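**Student:** The lines below spell out each chain.
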Amino acid sequence: MGYHRPMKRQIAIVEDEPALRENYGAALARQGYQIKTYGNRKSAMGAFETHLPDLAIIDISLEEEAEGGFDLCRDLRALSAEIPIIFLTARDSELDAVSGLRLGADDFLTKDVSLPHLAARVAALFRRIDALRRPDNSAQIVRRGALSIDGEKMQTAWNGAPVTLSLTEFWIVHALARNPGHVKNRQQLMDAANVVLDDNTITSHIKRVRRKFQQVDPAFDAIQTVYGMGYRWVE
Amino acid sequence: MSIRLQLLIIALTTLVLPWAGCQYARELESTLRVSQENSLQAAAQTIANALSAQSQRVFSAVDGEQPFDGAQGDLYLFPLIAQPLLDGYREDWDLDVEPTALRADGLTGRVQAGVTEHYLMLYVEVDDAHFEAEPGEVSPEQDSFDRVNVAWQRSDGSLDSVFFATSAPGLIQAQRVEGTVETGERVVVEPRIQAFWLQTSRGYHVEARIPRSMVGSRLWIEAVDGQSRRTAGFMGADPPRGGRLITPTPGLGPLLSTFIGAGTQATVVDANALKLGSAGSVVLNKDDPDGAEGSWYRRFVAGDTSRWPVRLSAPDHMEGHSVASAIAGRPSAEWLRAGANGSALLSAAAPIIVDERIHGAVVLEQGGDQLIDLRDRALTHLFNLTLLATALAVAIAFGIATWISVRIDRLRLAADTAVTNDGRIRLDMPESRRTDEIGALSRGFERLLARLNEHTQYLRTLGGKLSHELRTPLTIVRSSLDNLESEGLRADQQGYVRRAREGASRLQSILSALGAASRVEESIKQAERVSFDLKELMQSAIEGYRDGFPAARIELTTPTDTCFMHGAPDLVVQMLDKLIDNAVDFCTPSGTIRVGLTRSSTRYEITVDNDGPPIPEDMLNRLFESLFEHRQGGDDKPHFGLGLYIVRLIAEFHGGSAAAANRSDGGGAVFTVTLPMI
Numbered sequence: 001m002g003y004h005r006p007m008k009r010q011i012a013i014v015e016d017e018p019a020l021r022e023n024y025g026a027a028l029a030r031q032g033y034q035i036k037t038y039g040n041r042k043s044a045m046g047a048f049e050t051h052l053p054d055l056a057i058i059d060i061s062l063e064e065e066a067e068g069g070f071d072l073c074r075d076l077r078a079l080s081a082e083i084p085i086i087f088l089t090a091r092d093s094e095l096d097a098v099s100g101l102r103l104g105a106d107d108f109l110t111k112d113v114s115l116p117h118l119a120a121r122v123a124a125l126f127r128r129i130d131a132l133r134r135p136d137n138s139a140q141i142v143r144r145g146a147l148s149i150d151g152e153k154m155q156t157a158w159n160g161a162p163v164t165l166s167l168t169e170f171w172i173v174h175a176l177a178r179n180p181g182h183v184k185n186r187q188q189l190m191d192a193a194n195v196v197l198d199d200n201t202i203t204s205h206i207k208r209v210r211r212k213f214q215q216v217d218p219a220f221d222a223i224q225t226v227y228g229m230g231y232r233w234v235e
Numbered sequence: 001m002s003i004r005l006q007l008l009i010i011a012l013t014t015l016v017l018p019w020a021g022c023q024y025a026r027e028l029e030s031t032l033r034v035s036q037e038n039s040l041q042a043a044a045q046t047i048a049n050a051l052s053a054q055s056q057r058v059f060s061a062v063d064g065e066q067p068f069d070g071a072q073g074d075l076y077l078f079p080l081i082a083q084p085l086l087d088g089y090r091e092d093w094d095l096d097v098e099p100t101a102l103r104a105d106g107l108t109g110r111v112q113a114g115v116t117e118h119y120l121m122l123y124v125e126v127d128d129a130h131f132e133a134e135p136g137e138v139s140p141e142q143d144s145f146d147r148v149n150v151a152w153q154r155s156d157g158s159l160d161s162v163f164f165a166t167s168a169p170g171l172i173q174a175q176r177v178e179g180t181v182e183t184g185e186r187v188v189v190e191p192r193i194q195a196f197w198l199q200t201s202r203g204y205h206v207e208a209r210i211p212r213s214m215v216g217s218r219l220w221i222e223a224v225d226g227q228s229r230r231t232a233g234f235m236g237a238d239p240p241r242g243g244r245l246i247t248p249t250p251g252l253g254p255l256l257s258t259f260i261g262a263g264t265q266a267t268v269v270d271a272n273a274l275k276l277g278s279a280g281s282v283v284l285n286k287d288d289p290d291g292a293e294g295s296w297y298r299r300f301v302a303g304d305t306s307r308w309p310v311r312l313s314a315p316d317h318m319e320g321h322s323v324a325s326a327i328a329g330r331p332s333a334e335w336l337r338a339g340a341n342g343s344a345l346l347s348a349a350a351p352i353i354v355d356e357r358i359h360g361a362v363v364l365e366q367g368g369d370q371l372i373d374l375r376d377r378a379l380t381h382l383f384n385l386t387l388l389a390t391a392l393a394v395a396i397a398f399g400i401a402t403w404i405s406v407r408i409d410r411l412r413l414a415a416d417t418a419v420t421n422d423g424r425i426r427l428d429m430p431e432s433r434r435t436d437e438i439g440a441l442s443r444g445f446e447r448l449l450a451r452l453n454e455h456t457q458y459l460r461t462l463g464g465k466l467s468h469e470l471r472t473p474l475t476i477v478r479s480s481l482d483n484l485e486s487e488g489l490r491a492d493q494q495g496y497v498r499r500a501r502e503g504a505s506r507l508q509s510i511l512s513a514l515g516a517a518s519r520v521e522e523s524i525k526q527a528e529r530v531s532f533d534l535k536e537l538m539q540s541a542i543e544g545y546r547d548g549f550p551a552a553r554i555e556l557t558t559p560t561d562t563c564f565m566h567g568a569p570d571l572v573v574q575m576l577d578k579l580i581d582n583a584v585d586f587c588t589p590s591g592t593i594r595v596g597l598t599r600s601s602t603r604y605e606i607t608v609d610n611d612g613p614p615i616p617e618d619m620l621n622r623l624f625e626s627l628f629e630h631r632q633g634g635d636d637k638p639h640f641g642l643g644l645y646i647v648r649l650i651a652e653f654h655g656g657s658a659a660a661a662n663r664s665d666g667g668g669a670v671f672t673v674t675l676p677m678i
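Residue numbers (the working numbering), protein chains in the order written: chain A, 1 to 235; chain B, 1 to 678.
Don't take each hint at face value.
List time: in silico DSS-like cross-link candidates among lysine-lysine, alpha-carbon distance up to 27 Å [what the hints assert, rightly or not]:
1) A:Lys207 <-> A:Lys8
2) A:Lys207 <-> A:Lys153
3) B:Lys525 <-> B:Lys535
4) A:Lys153 <-> B:Lys465
5) A:Lys207 <-> B:Lys525
6) A:Lys212 <-> B:Lys465
7) A:Lys212 <-> A:Lys153
8) B:Lys465 <-> B:Lys525
9) A:Lys153 <-> B:Lys525
10) A:Lys42 <-> A:Lys8
11) A:Lys8 <-> A:Lys36
Cβ-Cβ distance ranges computed for the label pairs, FRET-style [stated by the list, open to error]:
12) B:Arg426 <-> A:Phe126: 35 to 41 Å
13) A:Phe126 <-> B:Pro589: 49 to 55 Å
14) B:Arg506 <-> A:Glu64: 38 to 44 Å
15) A:Glu64 <-> B:Arg663: 37 to 43 Å
Hints were generated in silico from the structure; no laboratory data involved.
None of these values were measured; they are calculated from a predicted model.
Glycine is no exception: its CB is placed at the ideal position from the N, C-alpha and C atoms.
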């Protein structure tokens, strides 16, 4: 292999609430990651400029800057195109704002997420990094009509065109497309996505997923709402 | 009491104006009366003074030393206007006074005397049913016939006498006894004295005519019944007593008439109140020629005249306080009622004093009508003006009151409806641009409503804010618990952590419920409208609810064909969620939830009808307000009264409305959501 894999992956947590910072840090450290925590954008960016972490978890509002996390994300993305970034938000409504900004984050989570779930998705993102660095393995690709899903790299494509989904969105699409025609209710989708969300948030996730597919194919309507029950993938 | 009524009553107090007018008119009238009294009394005094200067012309025929005494045979000679016919009747004397009684001495009779320019008239009525005729040859000794003896004093003081008797009723002449007892008496006819003897069923009348010049100042009359020799009347005595003739003074009338004007009657009486002469006449109240109007007003203002004495009129004498007072020496005036309708009459009297002795009095009488006319005219004017003013005041007051109460009503209505059924607050009030107190009140309302609105807004967003603010500390707690668990705990410690986790997750669901409304508001803002089949959506959703609430019986009725509408299907489902949630909570265990979809020309109506207890009437309209909760009894889920509020928000987003009602049978509640098709 052409690269040196460090002993411990380094995760940067940028969170202005010290208690949360410490809790997230402790939980992830227990998973064997090296943790660096920062309380504001300035200190985090200063550290990133000298040394890039392997993954960043960023709170959107940082001290006085209500959307300091967005700026930090943009700056960090400028430093590295590959580094996985997870947004943590306190408000559901920010999820939509985040999607509109297309800042290149890999996942958006509300702070309701439990630590095991957080750990699961950190692990998933590292796995994807690893998969991306490996040569193509088309055996992992699932095809459902125009849709192709790469379970290893956690990438989707529609009619061959890549559709960039966040991790949560990818897991939702994955859960739906695995059994086309079967209705997945909200709870099943939440379980699949390793999140605890309320109904509205699931609805807005689905809405966002549809929008992303429609950007590739305006005629996309493979995700069907079964009112009162949930959603299903139709081919 | 309404403002209108209050101001009306205030305005009616202007009726005090006509009342004050009446008082004023009354005062005016009494002042006028007093001045009329004074002037009439002054006139009477003037006339009295003038007359006392020529007392010979006034009292020439009167011996006023003794009071008039009909019982002594004093006779008043009524002035007769026309010469009566000698016919035994006194009707043509034109006097409305009855004859006076003769002194009875076994026989009764009545007498009346009158005077014309040349004659003294006598009228004698005798109650003597048995007529004894005069024989052809009479001698006084053997007289047993009915007769009337008349004796008088001549002007020179000597006595004279005649008698009236007849063999047959009719025109007769008086007879006189001539000669003395010594020389032999004989009866001769006195041709200058004529009479008429009239026989009636009760007796007879004698109407006699004696030349004025024959009689002096005294005269006696005696009726004799021929058979019984009983008599009635008086015969002369020596020295002469009684039988005085009281005569109106000739020429006094014309003299008096020079003193008085029209409408006044002047009368001179002697010390016995017998009339000596009069002039002029009183004009009494003509019977209201100007109609009922005058008398209508008069009813309100007329002084009380019922206490006034009635004017007593007699042709021969005058009565009354003023006359009596004047004869006693004090000039006096009084108001009397006279005539059939009690018209006012002023009587003023002044004594005529000659040589410090009261000889008689002048009495002036005048109608009070001029006063009433004057008063009525002023009063009618006053009444018309004040009534007009009152009517105007009442109308203006009523108008203003109506205007004010309409404005207040408008304000009240606006205040009543400022908080709409769905809990929204209308901030604009009517009348707020006015500068008066009502405008100030309206602005006060506006400020109050603005404050209320701020407060309501605060309450409405409080849930969302709380939910947001509490989320971070809750996350700290949960993440700490996660960490704690990962550290590896002893079995006894795990119980605490589990409980802490349960508490945290309950807190989480409370926060989530609290923030639900603001999340819905948020998602409404971003909702996109698409065309969808409402029927299919409902069928699918109800299917889901049957799975979700296996214990509940949910029935759905829809039109047979598709029901397309333009809207946000996600939101409509969310709305159905809340409606079904609500229905399930209130439905009785064995009850049914009936969901219906009906279609009219432009809109759909979704009804959710559940068996269960009715909703209290006063809560029906408030159910859709934010944070309104009337739920009793508990389940685990936190409730913040947001479910139906969300229903309303979604219905209104679609341009529709939501309402709740109790079923007419009282066995359940019906929630109705109306959604326009487009």
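**Student:** Does each hint fit the structure? Answer for all of them.
**Tutor:** Do the hints match the structure? See the list:
Of the supplied pair hints, the one linking A:Lys207 and A:Lys8 is violated, its CA atoms being roughly 37 Å apart against a limit of 27 Å. With a C-alpha separation of about 23 Å, the suggested pair A:Lys207 and A:Lys153 falls inside the 27 Å cut-off, and the hint holds. For the suggested pair B:Lys525 and B:Lys535, the alpha carbons sit about 25 Å apart, so the restraint of at most 27 Å is met. At roughly 39 Å between alpha-carbon atoms, A:Lys153 and B:Lys465 are farther apart than 27 Å, so this suggested pair is violated.
Between A:Lys207 and B:Lys525, the direct Cα distance comes to roughly 14 Å. Compliance with the 27 Å bound is thereby established for this hinted pair. Proposed proximity of A:Lys212 and B:Lys465 is contradicted: the alpha carbons are some 31 Å apart, above 27 Å. Distance hint between A:Lys212 and A:Lys153 is fulfilled; the C-alpha atoms sit about 18 Å from each other, no more than 27 Å. Between B:Lys465 and B:Lys525 the alpha-carbon distance is near 18 Å, which keeps this suggested pair within the 27 Å criterion.
Restraint check for A:Lys153 and B:Lys525: not satisfied, since their Cα atoms lie roughly 36 Å apart, outside the 27 Å limit. Restraint check: the Cα-Cα separation between A:Lys42 and A:Lys8 comes to about 25 Å, which is no more than 27 Å; the hinted pair holds. A distance of roughly 12 Å separates the Cα atoms of A:Lys8 and A:Lys36; the hinted pair therefore holds under the 27 Å criterion. For the pair B:Arg426 and A:Phe126, the supplied restraint of 35 to 41 Å is violated, since their beta-carbon distance comes to about 58 Å.
Distance hint check for A:Phe126 and B:Pro589: the Cβ-Cβ separation is about 53 Å, which falls inside the suggested range of 49 to 55 Å. Checking the proposed 38 to 44 Å range against B:Arg506 and A:Glu64 shows it is violated: the Cβ atoms sit about 33 Å from each other. In this structure, A:Glu64 and B:Arg663 break the distance hint of 37 to 43 Å, their C-beta atoms being roughly 57 Å apart.
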